[in-house]
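> Letter by letter, the chains look like this.
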Amino acid sequence: MKYGVVVFPGSNCDDDMVYALGQVLKHEVHKLWHKEKDLRDLRPEEDCLVLPGGFSYGDYLRAGAIARFSPIMQSVVAFAKQGGRVLGICNGFQILCEAGLLPGVLLRNRDQQFICKHVHLRVESQKSFLPNLPSGKILRIPIAHAEGRYYADETTLEKLEKNGQVLFRYCDEEGNVTEEANPNGACNNIAGICDETGRVVGMMPHPERAMEQLLGSTDGLTLMQVC
Amino acid sequence: MHYKAEINIMPRKELLDPQGKTVARSMKQLGLHGIQNVRIGKHISMEVKAQTEEEARKQVEEACTRLLANLIMEKYEIVSLEACPD
Chain S
1 MKYGVVVFPG SNCDDDMVYA LGQVLKHEVH KLWHKEKDLR DLRPEEDCLV LPGGFSYGDY
61 LRAGAIARFS PIMQSVVAFA KQGGRVLGIC NGFQILCEAG LLPGVLLRNR DQQFICKHVH
121 LRVESQKSFL PNLPSGKILR IPIAHAEGRY YADETTLEKL EKNGQVLFRY CDEEGNVTEE
181 ANPNGACNNI AGICDETGRV VGMMPHPERA MEQLLGSTDG LTLMQVC
Chain A
1 MHYKAEINIM PRKELLDPQG KTVARSMKQL GLHGIQNVRI GKHISMEVKA QTEEEARKQV
61 EEACTRLLAN LIMEKYEIVS LEACPD
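Chains as they are written, first to last, in my numbering: chain S, 1 to 227; chain A, 1 to 86.
Just chain S, with the same shape it has in the complex (with noise of 0.2 angstroms):
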């Protein structure tokens, strides 16, 4: 499976992704700006788009809200039409709801802080690419935004509960999901969802940064090993 990260101006974790990718787990990787609209040799039946972290547009208007009219971006949503595998990371989530591949939005932190640390999530669902991690895993993930309290109305939220789409919830050290343990305020704890079919996924949680022991954890390996 080869990769593709899109670069859009103000992504900032584009590096830290590539490094995941191509030196720590030896995927073939390489970055697509997003003023490109040819993707290159990724081919939808078996590889990957990145959308990384960052402040895309210096989160101008809304986190996400021009990146998505970047010309890249309609090469992204045929790729996933085409059954292509797509993950967007904190920045890459927001930019996925603006782009409409995935339900809901992402708004500002219930305190109103940009919140960076380690945060623990529980696996909820096997229904995504990513890889099939039994349900009730605890996660040890850092989180760094602003704007990630997951919101969608309640027929959505039913709707992403009843498919599975659901694929991590923020949650204790024991893996109870409470209010306490939920940093930003998201509907339902929701740190992490899919599409109906799986093969769009969006996380405000950074795997890419918990890949080695000497950042804190390798938790970010697991969930990124053979996805």
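Keep in mind the hints are simulated off the structure, nothing from the lab. Treat the hints with care, since some could be wrong.
[Said to hold, decoys possible] Once the Cα atoms are required to be at most 35 angstroms apart in a straight line, the calculated DSBU-like pairs of lysine-lysine come out as:
id: 1; chain 1: A; residue 1: K49; chain 2: S; residue 2: K127
id: 2; chain 1: S; residue 1: K35; chain 2: A; residue 2: K49
id: 3; chain 1: A; residue 1: K58; chain 2: S; residue 2: K81
id: 4; chain 1: A; residue 1: K21; chain 2: S; residue 2: K159
id: 5; chain 1: S; residue 1: K81; chain 2: A; residue 2: K13
id: 6; chain 1: A; residue 1: K42; chain 2: A; residue 2: K58
id: 7; chain 1: A; residue 1: K49; chain 2: S; residue 2: K117
id: 8; chain 1: A; residue 1: K4; chain 2: A; residue 2: K49
id: 9; chain 1: S; residue 1: K159; chain 2: A; residue 2: K58
id: 10; chain 1: S; residue 1: K159; chain 2: S; residue 2: K81
id: 11; chain 1: S; residue 1: K137; chain 2: S; residue 2: K35
id: 12; chain 1: A; residue 1: K42; chain 2: S; residue 2: K117
id: 13; chain 1: S; residue 1: K37; chain 2: A; residue 2: K42
id: 14; chain 1: S; residue 1: K127; chain 2: A; residue 2: K4
id: 15; chain 1: S; residue 1: K117; chain 2: A; residue 2: K21
id: 16; chain 1: S; residue 1: K81; chain 2: A; residue 2: K42
id: 17; chain 1: A; residue 1: K49; chain 2: A; residue 2: K21
id: 18; chain 1: A; residue 1: K49; chain 2: A; residue 2: K28
id: 19; chain 1: S; residue 1: K37; chain 2: A; residue 2: K75
id: 20; chain 1: A; residue 1: K21; chain 2: S; residue 2: K162
id: 21; chain 1: S; residue 1: K117; chain 2: A; residue 2: K13
id: 22; chain 1: A; residue 1: K21; chain 2: S; residue 2: K35
id: 23; chain 1: A; residue 1: K58; chain 2: S; residue 2: K37
id: 24; chain 1: A; residue 1: K4; chain 2: S; residue 2: K159
id: 25; chain 1: S; residue 1: K159; chain 2: A; residue 2: K75
id: 26; chain 1: S; residue 1: K26; chain 2: S; residue 2: K37
id: 27; chain 1: S; residue 1: K35; chain 2: A; residue 2: K58
id: 28; chain 1: S; residue 1: K117; chain 2: S; residue 2: K127
[Unchecked claim] Reference listing, derived: stretches of chain A covered by chain S, where coverage requires no fewer than 3 residues with Cβ under 8 angstroms from a Cβ of chain S:
id: 29; region: 24-38
id: 30; region: 65-77
[Unchecked claim] One side only, chain S facing chain A, incomplete, derived with CB under 7 angstroms:
id: 31; residue: K31
id: 32; residue: L107
id: 33; residue: R108
id: 34; residue: R110
id: 35; residue: Q112
id: 36; residue: I115
All C-beta atoms in this analysis are idealised placements derived from N, C-alpha and C, irrespective of residue type, glycine included.
Using the hints, position chain A against chain S.
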């Protein structure tokens, strides 16, 4: 013709607005105890080149629904649209 549009974009009523809440709290520190339910949105002004007011309004509506507001979280209102002298 040139038109000037003024647009308000506000977070939906049912959503928590942490910015507004923080500002409301600081009002108490100013001694302004009567102020409550502060909500903060955006005001956008723009000039539109169009043949008619209807065409100008159509462009502004499209700008609002496709980019300026995310209707899942916000509501927009075109508060004024006026012809301005060329």
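> Now look at each hint and say whether the structure bears it out.
These are the hints, each one checked on the structure:
1. Of the pairs offered as hints, the one joining K49/A and K127/S is violated, with about 49 angstroms between alpha carbons and a cut-off of 35 angstroms exceeded.
2. Among the hinted pairs, K35/S with K49/A is consistent with the structure: their alpha-carbon atoms are about 28 angstroms apart, no more than 35 angstroms.
3. Only pairs whose Cα atoms come within 35 angstroms are accepted, and K58/A paired with K81/S is accepted, the gap being roughly 30 angstroms.
4. Note on K21/A and K159/S: the hinted pairing holds, with a Cα-Cα distance of about 30 angstroms set against a maximum of 35 angstroms.
5. Proposed proximity of K81/S and K13/A is supported: the alpha carbons are some 34 angstroms apart, at most 35 angstroms.
6. Taking the CA atoms of K42/A and K58/A, the gap is near 20 angstroms; set against the 35 angstroms cutoff, the hint holds.
7. A threshold of 35 angstroms between alpha carbons decides the hint, and for K49/A with K117/S the separation of about 48 angstroms lies outside it, so the pair is violated.
8. Between K4/A and K49/A, the direct Cα distance comes to roughly 9 angstroms. Compliance with the 35 angstroms bound is thereby established for this hinted pair.
9. With a C-alpha separation of about 34 angstroms, the suggested pairing of K159/S with K58/A holds against the 35 angstroms cut-off.
10. As the CA atoms of K159/S and K81/S are separated by approximately 20 angstroms, the hinted pair is consistent with the 35 angstroms bound.
11. In summary, the hint linking K137/S to K35/S is not supported, as the alpha carbons are separated by about 39 angstroms, beyond the 35 angstroms threshold.
12. With a CA separation close to 30 angstroms, the supplied pair K42/A and K117/S stays within the 35 angstroms bound.
13. This hinted pair checks out: K37/S and K42/A have alpha carbons roughly 32 angstroms apart, not beyond 35 angstroms.
14. The suggested pairing of K127/S with K4/A is violated, with an alpha-carbon distance near 49 angstroms, which exceeds 35 angstroms.
15. Taken as a hint, the K117/S and K21/A pair is honoured in the structure, with Cα atoms around 24 angstroms apart against an allowance of 35 angstroms.
16. For the hint pairing K81/S with K42/A, the CA-to-CA distance comes to about 34 angstroms; that is within 35 angstroms, so the pair holds.
17. A hinted pair counts as satisfied when its Cα atoms are at most 35 angstroms apart, and K49/A with K21/A does not qualify at roughly 38 angstroms.
18. About 45 angstroms separates the Cα atoms of K49/A and K28/A, which puts this hinted pair outside 35 angstroms; it is violated.
19. At most 35 angstroms may separate the alpha-carbon atoms for a hinted pair to count; K37/S and K75/A meet this at roughly 32 angstroms.
20. With a C-alpha separation of about 33 angstroms, the suggested pairing of K21/A with K162/S holds against the 35 angstroms cut-off.
21. This hinted pair checks out: K117/S and K13/A have alpha carbons roughly 30 angstroms apart, not beyond 35 angstroms.
22. Taking the CA atoms of K21/A and K35/S, the gap is near 39 angstroms; set against the 35 angstroms cutoff, the hint is violated.
23. At roughly 29 angstroms between alpha-carbon atoms, K58/A and K37/S fall within 35 angstroms of each other, so this suggested pair holds.
24. The hinted pair formed by K4/A and K159/S fails the criterion: a straight-line CA distance of about 42 angstroms is larger than 35 angstroms.
25. Straight-line distance between C-alpha atoms of K159/S and K75/A comes to about 24 angstroms, which keeps the hinted pair within the 35 angstroms bound.
26. Of the supplied pair hints, the one linking K26/S and K37/S holds, its CA atoms being roughly 26 angstroms apart against a limit of 35 angstroms.
27. Distance restraint check for K35/S and K58/A: the Cα-Cα separation of roughly 28 angstroms lies within the 35 angstroms cut-off, and the hinted pair is therefore satisfied.
28. Annotation: proposed proximity of K117/S to K127/S holds, straight-line Cα distance about 27 angstroms (limit 35 angstroms).
29. Given a C-beta distance limit of less than 8 angstroms, the hint that chain S covers the region 24-38 of chain A is violated, as 0 residues qualify and 3 are needed.
30. Coverage of the region 65-77 of chain A by chain S holds. Counting CB-CB distances below 8 angstroms, 5 residues qualify, and the rule asks for three or more.
31. With its C-beta approaching chain A no nearer than about 26 angstroms, K31/S sits outside the 7 angstroms limit, and its interface hint is violated.
32. At a threshold of 7 angstroms, the smallest CB-CB gap from L107/S to chain A is about 6 angstroms, leaving the interface hint in force.
33. At a threshold of 7 angstroms, the smallest CB-CB gap from R108/S to chain A is about 5 angstroms, leaving the interface hint in force.
34. The restraint placing R110/S at the interface with chain A holds, with a minimum CB-CB distance near 6 angstroms, inside the 7 angstroms limit.
35. With a cut of 7 angstroms, the hint placing Q112/S at the interface with chain A holds, because the nearest CB-to-CB distance is about 4 angstroms.
36. Annotation: interface hint on I115/S violated; nearest CB of chain A at approximately 12 angstroms, more than 7 angstroms.
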